[in-house]
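S.K.: Sequence:
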Amino acid sequence: MEEENKEEITERLQDVKAKTRKGNIILKKREEGEHQESSKNCLFICGNRRTDMLKNFMQDIYMLQKPFTCYMPKLHHNLVNIEDKIETIVDICIHNSCSLFFTISSTKKKPSRFIIGRLYNNKILDYYIFSLLSFIPMHMFPLSKEILLGSKPIVLIQGSYFEQSEVTKYMRNVLFDMFKHKNVETLTKGSIQRLVVITAYEARVSTAMGGNGEKGSSDAGVKDAYQNGEVNGHGNSSRGNSLGKGIYVMSFRQYLLKKEMFNLTEKEIPTLDEIGPRFEFTLEDSKIPEYALFQEAIKKVDVEKKVKSNKVKVDEFGHNIKRVYVQKQNFSKLHTKHSKLMKKSKKLSGRNG
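First residue of the sequence shown: 1, per UniProt numbering; consecutive thereafter.
Think of the hints as simulated: they come from the structure by calculation, not from any bench.
In silico DSSO-like links for lysine-lysine, alpha-carbon gap of 30 Å or less:
no.	residue 1	residue 2
1	287	152
2	305	17
3	85	169
Label-pair ranges, simulated between beta-carbon atoms:
no.	residue 1	residue 2	range
4	52	298	32 to 42 Å
5	140	190	21 to 31 Å
6	140	18	52 to 62 Å
7	149	17	34 to 44 Å
8	19	145	50 to 60 Å
9	267	166	31 to 41 Å
10	313	267	43 to 53 Å
11	160	19	57 to 67 Å
12	120	315	39 to 49 Å
We put the CB at the ideal spot given by N, CA and C, even for glycine.
Take the sequences, apply the hints, and build the full model.
M.R.: Quick look at the structure:
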């Protein structure tokens, strides 16, 4: 059976006519779903091996993504060398109606790896393999319990690294797709409680060997990466790399937002409280999507704009009340149709009189 694309499905749904009132409501919801994408579910699954740090790391990311998740924390011994088992993960995603997946694995040659990938039309769209350098869990931050799980965050992705190549541009897109959480039509000040900041910076050997500042939080991980020769200037795996080149490290931070921050002036700088988790990671390998397939995935259906009519109003019960224009009538010239019964009654009344 050939796979149907988005346009064929749209044309097929338009030809279907409902026979009942309930069926009409279902078709209307389907039609609205074609034009508006629903929130994506994410599959969290482990490989055949993992470390305690990776286990806690996946659990924290799972807490951020709830309730649009499918959580499988147990070890899957059939997922040996998980980079070659992407098709198996795709089948599990299709079975659980997930269009995103997040997997973890750890081996001697490739320690602390996690993969983020996307599906489109029940096929793999793209995936990115990252190496986790450092991680601080969410429970280490005292203000982490003040946020409501399932709230919509503001996602800020910054750094010139995300504009260097097609790979980094697609990677920025998948990171935003992963951490943006649910799709909403409107936002209020009270509904926004989190600020997610993903920053890419170039960390050189001097910084990794004992620099100060924010980059020092990933010193040990960057130092080990240089000593093993596993990371090159673009964040991809490479043996025998020269130590003179710098690598790009991406850091994840999450801050607490309050209502008072939205009322500040431009000159006032708000103080942000970090709520975790905090981690640094680098890009190891990737499979970017095909250009034609990606354009089809982000294609938006042209929706005809509904013209508002001033003559139609909706009452409290949801009924449409229409106002019809009628010219002023002259009742003296108004012709009314008379029946024969009226004529007979007049004749009878005349005879009796």
